[in-house]
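> For the sequence shown, our numbering begins at 1 and goes up steadily by one.
Please keep in mind that the hints were generated in silico from the structure rather than gathered at the bench.
Mixed in with the good hints, there may be bad ones.
[Unchecked claim] Once the Cα atoms are required to be at most 27 Å apart in a straight line, the calculated BS3-like pairs of lysine-lysine come out as:
no., residue 1, residue 2
1, K292, K84
2, K39, K160
3, K373, K353
4, K353, K513
5, K108, K39
6, K39, K169
7, K35, K84
8, K414, K127
9, K452, K414
10, K381, K515
11, K353, K445
12, K35, K48
13, K170, K39
14, K127, K108
15, K490, K501
16, K513, K501
17, K501, K48
18, K445, K236
19, K385, K373
20, K157, K127
21, K513, K236
22, K496, K385
23, K490, K513
24, K236, K134
25, K242, K501
26, K452, K385
27, K501, K84
28, K445, K373
29, K242, K282
30, K169, K134
31, K353, K515
32, K452, K108
33, K160, K373
34, K292, K157
[What the hints assert, rightly or not] With beta-carbon atoms standing in for the labels, derived distance ranges:
no., residue 1, residue 2, range
35, E43, D285, 51 to 59 Å
36, Q80, S451, 37 to 45 Å
37, M467, L408, 21 to 29 Å
38, K134, G446, 50 to 58 Å
39, P115, D285, 32 to 40 Å
For every residue, glycine included, the Cβ atom is placed at its ideal position computed from N, Cα and C.
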Amino acid sequence: MANRITKITKILIRHRSQTVLTDPETFCPAHAQEKQRAKPYSEVPGPKAIPILGNTWRLMPIVGQYDISDMARVSLLLYQDYGKIVKLSNLVGRPDLLFLYDADEIEKIYRQEGPTPFRPSMPCLVKYKSDVRKDFFGVEAGVVGVHGEPWRIFRTKVQKPILQLRTVKKYIEPIEAVTEDFIQRMLEMRDSNQEMPHDFDNEIHKWALECIGRVSLDVRLGCLDANLPTDSEPQKIINAAKYALRNIALLELRFPFWRYFPTTIWTNYVKNMDYFIEICTKYIDEAMARLKTKEVKDEKDLSLVERILASEPNPRTATILALDLILVGIDTISMAVCSILYQVATRPDQQQKLYEELRRVMPDPCEPLDSNKLEEMVFLKAFVKEVFRVYSTVIGNGRTLQEDMVLLGYRIPKGVQVVFPTVVTGNMAEYVSEADEFYPERWMKGGDENSKIHPFASLPYGYGARMCLGRRFADLEIQVLLAKLIRTYKLEYNHKPLEYKVSFMYAPDGELKFKMTKRED
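My request is simple: use the sequences and hints to build the entire structure.
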């Protein structure tokens, strides 16, 4: 009996010692004091809810206070009206949204997250993958719209070939080939004023899909064919992906009737996703069939799918990864390029600097690109970063808190969805010197010593374990297009200035009728 008591005592002592080491309130008295001094969550400022409708009415058409298509402006208005922390509570069918405009607190959340951070995104896609099409996706349903341990397991399987810089560089040549074909199409599309057609943004989507097909599947989908029918499969893939992504805000921020019965918008969402999966899977299966007889002469001939299959025996993993890359990649890259080209065309002084750098790095505009040349294009990369700072294509990131936290003196409970409005914090004078100035040099080494930028104020790709998986390929495609286009051609925009709005991404709203003329050099 005495021995048993001794054993129990030792276990209790060991448990108490572990508690002392792991409980932050025991280990750090200051943490406990901060929590005690903090104000309750109910006192966080924000719009007041009304009975039954809560705050959801503010996002409704006609009667609502906020326009879902202009969430960038909504984010700014909330900051101006309520300050650095704003609670949008009582949203029917969804957790509260907590908008956080303090870069130090954003950093604190990012740095304290564990190995499986929960990003509050796309409940409609979560429902589609885990419920509607569970038969197809199974347990490991990819990286988009997936959380927790299933997300971590899947990402671990696929992240090496996608994030390894050495591997990404091998795709410079195939992306350059697609881009050269696209620039030739631009020349063919010019009207009598040497301007792009009114639907040029759709042509950019075709280029993005062609790049993704070449990189992920080692196939040319034919998106850049001058005679591509409007009802072609590549165009239908683009339309389906755009519909699925651009209706997310409507599904998630207005009354979520779709959770309880099949509304029209939810029915169309499922229909578009089903079609997207059907057509994409056909191309993916064809690519996998070719792999069985493909003779690889050079490592750069390997697609991402092939690289995944080299270490992952289950072909379903490669299929789902390819679907995620196509679904999210088409619209995100395309709208980022729309924004960047618009800024290039409307900032002639900056475009001249970019051209001068490209002329120095590439004396002969016909010579192929390589990783060394891209490394020398420091102003090009700085320009892109500055566009993302001022006009962040992704207006915000976020996290669902996995534990209670104190933020800006308030006790915030577990489960609240915290939004980091990058499009606002990236333009705050508190975090960015001369924030109102478009100044790419701030991103260059050896630039203005007085030019500061908080490292967590502008994070278009996010941060940490859930940072955008395809960011290296997105950067590469943007850099190759800018380098090849601006080295040889001048872009102008001679029409009424465009406003930026949110579809799925934040980009110029209107016809991108760029004038494209060949440079004399």
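> Each hint should be assessed against the structure and marked as holding or not.
Against the structure, the hints come out as follows:
At roughly 56 Å between alpha-carbon atoms, K292 and K84 are farther apart than 27 Å, so this suggested pair is violated. Of the supplied pair hints, the one linking K39 and K160 is violated, its CA atoms being roughly 44 Å apart against a limit of 27 Å. Under the criterion of a C-alpha separation no larger than 27 Å, the hint pairing K373 with K353 is consistent with the structure, at around 17 Å. Proposed proximity of K353 and K513 is supported: the alpha carbons are some 23 Å apart, at most 27 Å.
Of the pairs offered as hints, the one joining K108 and K39 holds, with about 19 Å between alpha carbons and a cut-off of 27 Å not exceeded. Simply put, K39 and K169 have alpha-carbon atoms about 50 Å apart, too far for the 27 Å limit, and the pair is violated. Between K35 and K84 the CA atoms are separated by roughly 19 Å; this keeps the pair inside 27 Å, and the hint holds. For the hint linking K414 to K127, the alpha-carbon distance of about 22 Å falls within 27 Å, and the restraint holds.
Our distance criterion of 27 Å between C-alpha atoms is broken by K452 and K414, whose separation comes to about 33 Å. Our distance criterion of 27 Å between C-alpha atoms is met by K381 and K515, whose separation comes to about 23 Å. For the proposed pair K353 and K445, the alpha carbon gap of about 16 Å is at most 27 Å, so the pair holds. A C-alpha spacing of about 25 Å is found between K35 and K48, which places the hinted pair at or below 27 Å, so the restraint holds.
Between K170 and K39 the CA atoms are separated by roughly 53 Å; this puts the pair beyond 27 Å, and the hint is violated. A distance of roughly 30 Å separates the Cα atoms of K127 and K108; the hinted pair therefore is violated under the 27 Å criterion. At most 27 Å may separate the alpha-carbon atoms for a hinted pair to count; K490 and K501 meet this at roughly 26 Å. Distance check on the hinted pair: K513 and K501 sit about 18 Å apart at the alpha-carbon level, within 27 Å; holds.
A C-alpha spacing of about 26 Å is found between K501 and K48, which places the hinted pair at or below 27 Å, so the restraint holds. Using a Cα cut-off of 27 Å, the hinted pair K445 and K236 is violated, with the two alpha carbons roughly 44 Å apart. Annotation: proposed proximity of K385 to K373 holds, straight-line Cα distance about 18 Å (limit 27 Å). A threshold of 27 Å between alpha carbons decides the hint, and for K157 with K127 the separation of about 23 Å falls inside it, so the pair holds.
In summary, the hint linking K513 to K236 is supported, as the alpha carbons are separated by about 24 Å, within the 27 Å threshold. This hinted pair checks out: K496 and K385 have alpha carbons roughly 25 Å apart, not beyond 27 Å. For a cut-off of 27 Å, the pair hint linking K490 to K513 stands: about 13 Å separates their Cα positions. Straight-line distance between C-alpha atoms of K236 and K134 comes to about 23 Å, which keeps the hinted pair within the 27 Å bound.
With a CA separation close to 15 Å, the supplied pair K242 and K501 stays within the 27 Å bound. For the hint pairing K452 with K385, the CA-to-CA distance comes to about 14 Å; that is within 27 Å, so the pair holds. Using a Cα cut-off of 27 Å, the hinted pair K501 and K84 holds, with the two alpha carbons roughly 23 Å apart. Of the supplied pair hints, the one linking K445 and K373 holds, its CA atoms being roughly 17 Å apart against a limit of 27 Å.
This hinted pair checks out: K242 and K282 have alpha carbons roughly 19 Å apart, not beyond 27 Å. For the given pair, K169 sits about 35 Å from K134 by alpha-carbon distance, which is inconsistent with the 27 Å threshold. For the given pair, K353 sits about 19 Å from K515 by alpha-carbon distance, which is consistent with the 27 Å threshold. Restraint check: the Cα-Cα separation between K452 and K108 comes to about 20 Å, which is no more than 27 Å; the hinted pair holds.
The hinted pair formed by K160 and K373 meets the criterion: a straight-line CA distance of about 24 Å does not exceed 27 Å. Under the criterion of a C-alpha separation no larger than 27 Å, the hint pairing K292 with K157 is consistent with the structure, at around 21 Å. In this structure, E43 and D285 meet the distance hint of 51 to 59 Å, their C-beta atoms being roughly 56 Å apart. Distance hint check for Q80 and S451: the Cβ-Cβ separation is about 25 Å, which falls outside the suggested range of 37 to 45 Å.
Checked against the hint of 21 to 29 Å, the pair M467 and L408 passes, with Cβ atoms roughly 24 Å apart. Roughly 53 Å separates the CB atoms of K134 and G446, a value that falls within the hinted 50 to 58 Å. Restraint check, P115 to D285: a C-beta distance of roughly 33 Å satisfies the suggested window 32 to 40 Å.
Figure legend: structure checked against the earlier numbered hints; hints not met, in rising order: 1, 2, 6, 9, 13, 14, 18, 30 and 36.
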